[in-house]
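Participant: Chains as they are written, first to last, in the numbering used here: chain A, 45 to 321; chain B, 4 to 337.
Don't read these hints as lab results, they were simulated from the structure.
The C-beta atom is built at its ideal place from N, Cα and C for all residues, glycine as well.
Please note: incorrect hints may appear among the correct ones.
Unchecked claim - Mimicking PhoX-like on lysine-lysine, the simulated pairs with C-alpha atoms at most 20 Å apart in a straight line are: (1) Lys243(B) - Lys209(A); (2) Lys209(A) - Lys91(A); (3) Lys181(A) - Lys164(A); (4) Lys61(B) - Lys91(A); (5) Lys243(B) - Lys128(A); (6) Lys91(A) - Lys128(A); (7) Lys184(A) - Lys164(A); (8) Lys226(A) - Lys255(A); (9) Lys128(A) - Lys209(A).
To be verified - Just so you have them, the derived chain A footprint on chain B, three or more residues with Cβ under 8 Å: (10) 232-244; (11) 252-266; (12) 317-331.
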Amino acid sequence: MSLLQVDSLSLGLRGTPVLRSVNLTIEASEIAGVVGESGAGKSMLGKAILGVLPRDVTVTGGAIRLGGTDLLALRPRARRALLKRDMALIPQDPLSALNPCRTISAQLAEVLPRGTVDAKLEVIRWLDAVRIPSATKVAKSFPHVLSGGMRQRALIAAAFASRPKLVIADEPTTALDVTVQKDILNLIREMQRETGVGLMFVTHDLCVVAKICHSVTVMHGGRVIEQAACTDLINRPGHAYSQALLAATPRPDQAGQGLEPVPTALIERMIAGAGDG
Amino acid sequence: MARLLVTIGSIFLTLLGVSVVIFVILRLVPGDPISMMLPPGATDEVRANLERLYGLDKSIPAQYVIWLRNVAWLDFGMSTQFRLPVMEIILDRLPATLELVLLASLIALVLAFAFSILAVWLQVDSATLAIDGLAGLAQAIPDFLWALIFILAVTLFAPMMPISGRFDPRTAQDFATNFYLLESLVTFRFDAFAELMRYAVLPALALSLPLAAGITRVLKGALEEAMAQDYVMLAQTKGKSRLAIVLGEALRNAMIPTIALTSVQLTFLIGGTVLIERQFSWPGIGSTAISAVINRDLPLIQGIVLVFALIFILINLASNELYRAADPRLRTER
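Pulled out of the complex, with its shape left as it was, chain A reads as follows (with noise of 0.2 Å):
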């Protein structure tokens, strides 16, 4: 059995669908990429896995399993307590998404594992495991004497804490300058594969995508374009959109070509085409 499964699943924002029948599976121990451009729907995709959708935008249809249990089914406590038990979230903006009048100790130690013996050692043990220096007083200070790079490893370090089967990862190094984000990356890969939790790598960046993923979801408009081998996706994309997607990245492989942004033509034949499905 898969560890995620997502069924036809469709959002609707008062009306206007914001996913389409979306399905997706992705396996433990498994890096699964969700690309896309912007609107794409792919952080509403995680944001509805995590039951932390806004306000306004509601499940119209389809069903989340997690380990064969349906989440959608679940009464709220318990679906909360699931939530804490086996998924956690890693951030898109680290420097918004810790609480600024807590410190990093308290937001770390609540998402411990019920039963955890010395709370304030196992926090300072997981720093360390995310290569934050000086633990010990990172773990006593508050959020802003942070880096945003120290920030998001802080979050990196919150969201394997709890020990969880399903991390989802929402652009996690967007809002980091480009140096850390290698840092980062590599971090996420490397927590992933000692924990050997299932990761949704949600991202706009194929490059990304090529380095760490293992099956890659490519997503418009709301809807599941291709999915794909992480290497057979790169290597011979299946539809014309993915195929422009690949021609506007650029590639480390291919240096000196030049990138093509995707033609206009293409997304208003998909536009007029969604209108059909």
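Fit chain B to the known structure of chain A by using the hints.
Facilitator: Below, chain B alone, put in the same frame as chain A:
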């Protein structure tokens, strides 16, 4: 330690500045206490005698120096109107006002926190609308009008409820201080406390309603803003309930603007009890201040202004400390 010394120094400097301003202005405005004391047809000789008695024949700087020297020994002079030491009058009257203000702010804070948290927690449009409407109503009606409404309602529907004074003179109890409410509470005389509360609750409520509305607006807005932040979304993914998030994540961040507004409003409240004290015959400092001004009771005005200045300074200091407690970003050691 150094910070404490600087703080104390700045308190004294501020008070000194206030004292100069009030002393000079009071002596430059027309009207003088002697004219208020003299009977019609008094001779110039009597007037000169009285002026000498109160030291008003000396130059303003000389008067100021004498007064300041006495103030250093906590002697604020004699009230020309009551023929009592100013200190005695203030100590007699101020506690009544402070208790009223304290009770009013307590009620306001409880109402404001309860309604703001409720509105943000429920996140139901109709409830939010109702709370906004109530706050608008409470704020649109000034405190003295609320007082009139309460007095009217009580006379009509609950004639046994007192609407005048601080306690029933027939059942007057022995109190060591003039903080009757506080004293009865800390000495566990709860029946006396309940009796005193019957007198205090209406003026306090009238004072508190507009204040509660103001705090509710700020606190609710700040809570709503905090609830839209990323850290709240992350807290949701940690499986926290909405109430736990409002109380545990958003409330602390919403405290900062709330402290700012409340401290400002509190200083207004202490100066603004005058009308309420008049309406409920509350024996506080507000009505004393008014009669001191009308009767040109210079020593009493000076004393009251200095005490008010000190209270304002202390409220400001307290709110600064509260800021630092609420917002770790202000606490970073440099």
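Participant: Can you confirm whether the C-alpha distance between lysine 243(B) and lysine 128(A) stays at or below 20 Å?
Facilitator: With Cα atoms ~8 Å apart, lysine 243(B) and lysine 128(A) stay inside 20 Å; holds.
Participant: Are lysine 184(A) and lysine 164(A) close enough, with their CA atoms no more than 20 Å apart?
Facilitator: holds, 10 Å
Participant: Take a quick look at whether lysine 209(A) and lysine 91(A) sit within 20 Å of each other, Cα to Cα.
Facilitator: holds, 16 Å
Participant: Starting from lysine 91(A), check that the Cα of lysine 128(A) is at most 20 Å away, please.
Facilitator: holds, 14 Å
Participant: Examine the segment 317-331 of chain B for residues whose CB is less than 8 Å from any CB of chain A, and state whether their number is three or more.
Facilitator: holds (count 3)
Participant: Tell me if chain A covers the segment 232-244 of chain B under the three-residue, 8 Å CB rule, please?
Facilitator: holds (count 12)
Participant: Given the hint that lysine 61(B) pairs with lysine 91(A), does the C-alpha gap stay at or below 20 Å?
Facilitator: violated, 80 Å
Participant: Mind checking the alpha carbons of lysine 243(B) and lysine 209(A) for me, to see if they're no more than 20 Å apart?
Facilitator: Between lysine 243(B) and lysine 209(A) the Cα gap is close to 18 Å, so the pair holds against 20 Å.
Participant: Given the hint that lysine 226(A) pairs with lysine 255(A), test it: the Cα-Cα distance must not exceed 20 Å.
Facilitator: At roughly 10 Å apart (the allowed maximum being 20 Å), lysine 255(A) and lysine 226(A) satisfy the hint.
Participant: Going straight from one Cα to the other, do lysine 181(A) and lysine 164(A) come out at no more than 20 Å?
Facilitator: The given pair, whose Cα atoms are some 12 Å apart, holds under the 20 Å limit.
Participant: Against the 20 Å threshold, does the CA-CA distance of lysine 128(A) and lysine 209(A) hold or violate the hint?
Facilitator: The hint holds at about 11 Å.
Participant: Quick check: do three or more residues in the segment 252-266 of chain B have a beta carbon closer than 8 Å to a beta carbon of chain A?
Facilitator: With 3 residues closer than 8 Å to chain A, the segment 252-266 of chain B meets the three-residue bar; holds.
The structure fails to meet hint 4 from the earlier list, while all remaining hints are met.
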